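Let the sequences and hints guide you as you build the complete structure.
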Amino acid sequence: MNTELLGIIATYLLTLIIAIPLGKYLAKVFAGEKVWTDFLKPIEYGIFKLSGINPKDEMNWKQHLKALLTINLVWLVYGFFVLIYQDKLPWNPDGNPGMPADLSFNSIISFVVNCNLQHYSGETGVSYLSQHYVMMFLQFVSCATGIAAAVVLFKAFRDKTTTNLGNFWDFFVKSITRLLLPLSLVIALILTFNGTPSSYEGKDQFISVQGDTVNVSRGPAAGFIAIKHLGTNGGGWFGANSAHPLENPNYLTAMVELIAQVIIPIAMVIAFGFFIRRKKLAWTIFGVMTIGMLLLLIPTLSSELGGNVAIEKMGISQTTGAMEGKEVRFGPAISAYWSTVTTIISTGSVNSMHDSSMPLTGVWQLLGMMINSFYGGCGVGILNYFIYLIIAVFISGLMVGRTPEFLGHKVEAREIKIAALVTLLSPFLILAGTAIATYTFNNHGDANWAVQPQNWLNNPGSHGFSEMLYEVTSSNANNGSGFEGLGDNNIFWNVLTGIVLLLSRFLPIIGPIAIAGLLGAKKFIPESAGTLKTDTKTFALMTFAVIIVLNALSYFPALTLGPLAEYFTALSR
Amino acid sequence: MKKYIIQSLRLTLVLIVLLCVLYPLGIALAGRLSNGKGGGEKIIKNGKVVGYALLGQSFTKPEYFWGRPSAVGYNAAGSAGSNKGPSNKDYLKTVSDRIDTLLKYNPTIKKADIPADMVTASGSGLDPNISEQGATIQIKRIAVARKMDERKVAELVVKHTDGPYLGLFGPTSVNVLKLNLALDELK
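Protein sequences appear in the order of chains A and B. For the first sequence, my numbering begins at 1 and goes up steadily by one. For the second sequence, my numbering begins at 1001 and goes up steadily by one.
By construction, these hints were calculated from the structure, which means they are not laboratory data. Model, not experiment: these values are computed from the prediction. Keep in mind that the hints are not guaranteed to be accurate.
[As the list claims (entries may be wrong)] Across the chosen pairs, the derived CB separations fall in these ranges:
1) B:A1145 / A:M314: 21 to 31 Å
2) A:N455 / B:T1108: 39 to 49 Å
3) B:I1005 / A:E33: 58 to 68 Å
4) A:L561 / B:K1147: 49 to 59 Å
5) A:E312 / B:T1108: 45 to 55 Å
6) B:I1005 / A:P93: 30 to 40 Å
7) B:A1145 / A:T213: 18 to 28 Å
8) A:L294 / B:L1166: 23 to 33 Å
9) B:L1103 / A:L553: 29 to 39 Å
10) B:G1026 / A:M314: 46 to 56 Å
11) B:I1044 / A:N448: 20 to 30 Å
12) B:D1097 / A:L561: 29 to 39 Å
13) A:F428 / B:I1005: 24 to 34 Å
[Claimed, not checked] The list that follows gives simulated cross-link-like pairs (lysine-lysine, BS3-like), each with its CA atoms no further than 25 Å apart:
14) B:K1002 / A:K313
15) B:K1003 / A:K313
16) B:K1003 / A:K56
17) A:K49 / B:K1104
18) A:K66 / B:K1002
19) B:K1089 / B:K1111
[Claimed, not checked] Reference excerpt, derived from the structure (chain A facing chain B, CB under 8 Å, subset only):
20) L76
21) Q210
22) E405
Just so it is clear, CB atoms sit at the ideal spot from N, CA and C, and this is done for glycine as well.
So, in structure tokens, the structure goes:
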């Protein structure tokens, strides 16, 4: 069999081999049951003691949200000022300048919300202090925020009727000490020993074989790149992200980085099932997500391995597939797999440049981000999926003519309203954002910004439209990858995507937690013959249909104007 | 509310010490044991650093194997891809020019011999590798420029071709810098 395809299969199987036991382990950690990492308890005790926190204080859903939003606000303020003043702060060996306010606004939001959309380039835009004390710090804590939020939801369905949903700080700190930090250490060591820099030395210079003077950006990147993937963050240490040879030195590291970004999203689904003692439900959800993933992956593989038709017409052999924006050491197959997983879960790291992907690949990348819950980001993937579940419960309830129920709790008008609002938010932000951008591009092309709107696009025609659509979609999905040709470091894009990022992060966290909190407090109704079971194949199909119909209705017109138009006008066979 | 603010501030401080000071420090210490001591593996020739093993560099002379086109001219302090879309006319013109250049400098090869990686820019602009086919089409040119036996150059290419990882996973590739240094040593 083809070694490139074999690489994908091995990577996915290894992901499952790690993720499934990890899910069981996480269920135990968050339930406070005995696990082998309990030797870390003294460290946690120290952290709580120093922070003045009693991890045994029970919180209701509103208190959880208050704690979550407060600490996120603290990070926003802290990071904003560090980025602005990074040139005056210590530890800036490459002498990079402070960020302008609009870029700092965008960057800090982007990292707080686990998106890592980068309108700066790692080599020239940030100091080592910012890289570690802002970016990497937020890669840990934003991921832990997502996981803690998901655990609050788990907690609401574990007991029959409850308003006590555990302690937010407890979930949050344990996500770091029991999961993110130990695994990041392992991944970082693998990367270091394969060539990723880890020392604190600044830029280097050498004379090349042909006599050119070459500057080399380096820095303590290994730890950053580990949590960047594990926490589904995706922001690169270097501008070229994981296509950069120092960020992703060889095929082994590519496999490790791919596995790292998928294990927590899958583990959280498994953990959900074990935590609420409904394993079958978890497997059903996992099944729907996996089928969704495959439906996006297979056509992506086919279009990338097929190569660029326009180059084929020039008479060039593309036996290795499309190579623009790709690295030889990875090849197009695993790059296609990477582009699928990085868009369905909200990592957004790239090992090939999505702007140069084939047009149909663009459709699947965009769709992956629009759906945003085939596995999905750390913690938030399952929260997004939960909203689809509630909508599916509601619609099935209407179809069979009875009050909808979910896990023994009646789903009533208030919960449905919240779910509907969260569902409508994504198309609103994506379509309105893209519309504003397109309008500005067409009617205010000469606006006096750092990059004038008429110069935003790196490619003409429908591909240019795709660049704008992708940018807003990526922001809304808290994904962070981009069609990077877009000239996005100017006040328009910094502010627009900053606002989209904030809304699309926190409302889809607040919504599901509110629904779960409300449902959890309701009287428990034991299962009877009339109960709509949510762990059956029929219901799985129903949920899948809801996901496809909602997204197709919302986004098909936009996809038609962008990548589909490019495909049919220029590059179809 | 006030309680949450104070707890948030204190927790943030504690976590900064753990995650931003101790964690990277541990990795940096372990990294000292790696090749290149955590600063990137350098390639040294006659006591001078001539490159990084993982970073591609620009080769334009006929007597060296060329790497892939780079959108940033192999600037290792400013990595980037071209971000050109597949149907962009200007981009397709560039590709077509690259084909002509290759055919001009390697007059014995046919268009159909040229692999895609030799006429497309890499994602990082620093791709250290080319495909085996990409090296093969340059053998004749190099043998002529260096007045060497073509078979010797071909042997060198085979020797410097890295197979799939563990022989099972991923593509084959050739590290251009290492190949060129070996070529220089052959003389």
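Okay, the hints, checked on the actual structure:
no., hint, in the structure
1, B:A1145 / A:M314: 21 to 31 Å, "27 Å, holds"
2, A:N455 / B:T1108: 39 to 49 Å, "43 Å, holds"
3, B:I1005 / A:E33: 58 to 68 Å, "32 Å, violated"
4, A:L561 / B:K1147: 49 to 59 Å, "58 Å, holds"
5, A:E312 / B:T1108: 45 to 55 Å, "23 Å, violated"
6, B:I1005 / A:P93: 30 to 40 Å, "35 Å, holds"
7, B:A1145 / A:T213: 18 to 28 Å, "25 Å, holds"
8, A:L294 / B:L1166: 23 to 33 Å, "25 Å, holds"
9, B:L1103 / A:L553: 29 to 39 Å, "50 Å, violated"
10, B:G1026 / A:M314: 46 to 56 Å, "51 Å, holds"
11, B:I1044 / A:N448: 20 to 30 Å, "50 Å, violated"
12, B:D1097 / A:L561: 29 to 39 Å, "31 Å, holds"
13, A:F428 / B:I1005: 24 to 34 Å, "32 Å, holds"
14, B:K1002 / A:K313, "67 Å, violated"
15, B:K1003 / A:K313, "67 Å, violated"
16, B:K1003 / A:K56, "16 Å, holds"
17, A:K49 / B:K1104, "72 Å, violated"
18, A:K66 / B:K1002, "11 Å, holds"
19, B:K1089 / B:K1111, "20 Å, holds"
20, L76, "11 Å, violated"
21, Q210, "6 Å, holds"
22, E405, "34 Å, violated"
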